[in-house]
Amino acid sequence: MTIIAALMAVQTKLGQIGGSSDLTWILNILFYVIFIVFIFYGQRIQMYVMLREVEVSLYKLKFIKEEGRKTTIETIKEIGKPQADPTDKVDRFLEYFTISPQSLDPAGVVWKLEHILDVRDTRFKDEVKSMAPASDETQVNNLENTLEAASALNFIYKVIRHYYLLGKKTLSLYVIMQIQMILPLVMREAEAYASALKAFAYGQPIGDGAGALVAAKLMHGYENRKIAKDCVVATVPYEGRTAFVIKAEGPGGNVGKPGDAIKVVIEENEGNIATVVMIDAALKLEGEELGEVAEGVGAAIGGPGVDQYKIEDELVKYHISINAVVIKEDVGDAVSPMRKEVFDSVDKALERVKQVVVERTKEGDKVIIAGIGNTIGIGQ
Amino acid sequence: MSQNGTTSKISSFVILVVFVTLALSLVALIFAAAIVTGFFNTGSDVTGGYVLLALGVLGIAISTYVLIETRRRLSKLKIVVPPVNTIIECRKCGTKTVREFQRGDYIFKEDGPCQKCGDTMLITGIYREVKEKEKDKSQF
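Protein chains in written order, with our numbering: chain U, 1 to 380; chain L, 1 to 140.
Keep in mind that the hints were calculated from the coordinates and are not lab data.
Treat the hints with caution; some may be incorrect.
[Said to hold, decoys possible] Subject to a maximum C-alpha distance of 30 angstroms in a straight line, what follows is the list of computed DSSO-like cross-link-like pairs (lysine-lysine): (1) U/K229 - L/K109; (2) U/K340 - L/K92; (3) L/K109 - U/K328; (4) L/K109 - U/K125; (5) L/K96 - U/K354; (6) L/K131 - U/K70; (7) U/K70 - U/K81; (8) L/K109 - U/K226; (9) L/K109 - U/K340; (10) U/K328 - L/K92; (11) L/K131 - U/K284; (12) U/K62 - L/K131; (13) U/K354 - L/K109; (14) L/K109 - U/K348; (15) L/K131 - U/K328; (16) U/K354 - U/K366; (17) U/K226 - U/K125; (18) U/K81 - L/K109; (19) U/K340 - L/K131; (20) L/K116 - U/K340; (21) U/K348 - L/K96; (22) L/K92 - U/K354; (23) U/K77 - U/K169; (24) U/K77 - L/K109; (25) U/K169 - U/K158; (26) L/K131 - U/K60; (27) U/K317 - U/K362; (28) L/K131 - U/K348; (29) L/K109 - U/K129; (30) U/K348 - L/K92; (31) L/K96 - U/K340.
Make the full structure from the sequences, and use the hints.
Set out below in C-alpha cells:
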C-alpha cells in the first residue's frame, strides 16, 4: 500500500508540473500499468525473486558438491593406489542411505539402532578398503570420513534441488518460501562440510576433536590398551587418585564407542568408580566466545544417542555421579580444521577437569575421564 | 580451486533484462538531453526532460549494479582453505618450531631429532589461524 500511495503522490506531482504535455500522459499510463501489475502479479514477482535466490545458492551447492567429489576421488587415487578408476564406486557410495529402525514399539530401539550403525560402519569400511587397497587402518578411517562428508554434501544439494524444482513446478509460494528461509543455515552447513572434507582428506584435527585432545594430553606418556571398538584407555595417577582416561584410538578419523569403553572400565572395577568426567565440544550460541569452557553435569556426548544411553544406564546401575566439561564452538568450527582458539582452550578445559577431579573426589578414589569426539589427527 | 562451466553460467534472462534496461536508459538520457537543450522546440517547459534524465540515470545505475552483483556472486564460488600450522616442540630443551601442515602429521607424532640437543621432537599442536573480521559492535 505504501508503494501505491507513493506512486500516486508522484503521479499527482507530475500532473501539477507537467501540465497537459504528452509526457505526463505517458507517465500516467505507466503508473497505472505498474499499479495493476503489482496488484495481480505482486506475489508472483516476489516468488520469482525467491526462486532466483535459491537458484544462485543451488549453483554454489552444486559447485561445492562437485569439488567434494573430485577431492574424494583424488585422495583415494593418491592414498589408496587402486588398480581401477574408483569414480564409479565413489558415485555409488555417495548415494548410500541408512534406514533408521522402527520405533512404534520403542522398547529395545537403542540396540536395533546400534546394530544398524555397526552394519553401516562395517559396510563403509569394506567399501573403502576395496576402493583404496593400499591404505592402512588410519587412512581407511580418514577416507571413510572424507566419503561421508562428500555424501552429506551430495544429500544437501539433492534436497535443496528437490524443493527448488518442486517450487518451480507447482509455483507454490509456500514451498519456495520455506526453502528460501532456511537457506542461509543450509549454506553454512554445506560450507562447513566442504572444509571438513579437506580436513579429513589431509588427516588434520578438527574442532570436534577438542575433547579427544584433552584426553590425549592427559594420557600421553602412559601405556594405553584397547578397551572397546576403536577406543583406548590409560591408567593415569593424579593427586592420589587413579584416573582411567578414555579416548577414541587415533590418529585415524573415528569416534569409537565410548559408551562401551566406560561400561567395561566400570565393570572391571565392579562399579567402584567415584565419578565420571566427560569432555566434549558443544555447539555455542551466537554471541558466545569461541572456545569458551563450561562445566555441568550429565553425559556430554552427541551422535545418535546409543553411547549416551549406555553410559547413563551403567551410571544408574552403580549410582555413579557424572560431570561434563564442554568447549563451545559452532557447527562450522566443529567439522573444519581445529582453530587456534579451540586449541588454546584445550589447556583451560584440562585444568577444569583436574579441578573437578580434586573437588569431587578424595585421595584413593578411582575416576573415569572420557574425551569424546572425532580423534582425526590426534594420537595418544 | 577452479570453477567449472556449469556453475559459472549466468541466466540469459537476467542478461537480457539488464541489457534492455541499459538500452532504454540510454534512450531516455538522449531524449532528456534533447528536451533540456530545446532540440524538440517544446517551449520553455523542460520538466519532462529532467524526469527522463532521472529515469535514465536510475536505469543505468540499477543495471550496472545487477551486472556487478552477478559477477561478485560468481567470484564467491570457491572453497577457501585456510593454512594449517604444525607446532613441533623439543621436550628436553624447549625448542619450538612452526611449519605448514604436511600430510601424515598428527598430534603426539615424533618428528625427527632436535637440531639443538638431538632429542626427539614431538608434534604438540595442529591448528589453523583465522583472521576475524571486525566484530559486530552490538552491545550484547
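Evaluation of the provided hints:
{"no.": "1", "hint": "U/K229 - L/K109", "result": "holds, 22 angstroms"}
{"no.": "2", "hint": "U/K340 - L/K92", "result": "holds, 24 angstroms"}
{"no.": "3", "hint": "L/K109 - U/K328", "result": "holds, 27 angstroms"}
{"no.": "4", "hint": "L/K109 - U/K125", "result": "holds, 25 angstroms"}
{"no.": "5", "hint": "L/K96 - U/K354", "result": "holds, 26 angstroms"}
{"no.": "6", "hint": "L/K131 - U/K70", "result": "holds, 28 angstroms"}
{"no.": "7", "hint": "U/K70 - U/K81", "result": "holds, 16 angstroms"}
{"no.": "8", "hint": "L/K109 - U/K226", "result": "holds, 19 angstroms"}
{"no.": "9", "hint": "L/K109 - U/K340", "result": "holds, 19 angstroms"}
{"no.": "10", "hint": "U/K328 - L/K92", "result": "violated, 33 angstroms"}
{"no.": "11", "hint": "L/K131 - U/K284", "result": "holds, 19 angstroms"}
{"no.": "12", "hint": "U/K62 - L/K131", "result": "holds, 28 angstroms"}
{"no.": "13", "hint": "U/K354 - L/K109", "result": "holds, 25 angstroms"}
{"no.": "14", "hint": "L/K109 - U/K348", "result": "holds, 22 angstroms"}
{"no.": "15", "hint": "L/K131 - U/K328", "result": "holds, 19 angstroms"}
{"no.": "16", "hint": "U/K354 - U/K366", "result": "holds, 13 angstroms"}
{"no.": "17", "hint": "U/K226 - U/K125", "result": "holds, 19 angstroms"}
{"no.": "18", "hint": "U/K81 - L/K109", "result": "holds, 24 angstroms"}
{"no.": "19", "hint": "U/K340 - L/K131", "result": "holds, 11 angstroms"}
{"no.": "20", "hint": "L/K116 - U/K340", "result": "holds, 27 angstroms"}
{"no.": "21", "hint": "U/K348 - L/K96", "result": "holds, 21 angstroms"}
{"no.": "22", "hint": "L/K92 - U/K354", "result": "holds, 25 angstroms"}
{"no.": "23", "hint": "U/K77 - U/K169", "result": "violated, 40 angstroms"}
{"no.": "24", "hint": "U/K77 - L/K109", "result": "holds, 25 angstroms"}
{"no.": "25", "hint": "U/K169 - U/K158", "result": "holds, 16 angstroms"}
{"no.": "26", "hint": "L/K131 - U/K60", "result": "holds, 24 angstroms"}
{"no.": "27", "hint": "U/K317 - U/K362", "result": "holds, 22 angstroms"}
{"no.": "28", "hint": "L/K131 - U/K348", "result": "holds, 22 angstroms"}
{"no.": "29", "hint": "L/K109 - U/K129", "result": "holds, 25 angstroms"}
{"no.": "30", "hint": "U/K348 - L/K92", "result": "holds, 24 angstroms"}
{"no.": "31", "hint": "L/K96 - U/K340", "result": "holds, 16 angstroms"}
Of the numbered hints listed earlier, those contradicted by the structure are 10 and 23.
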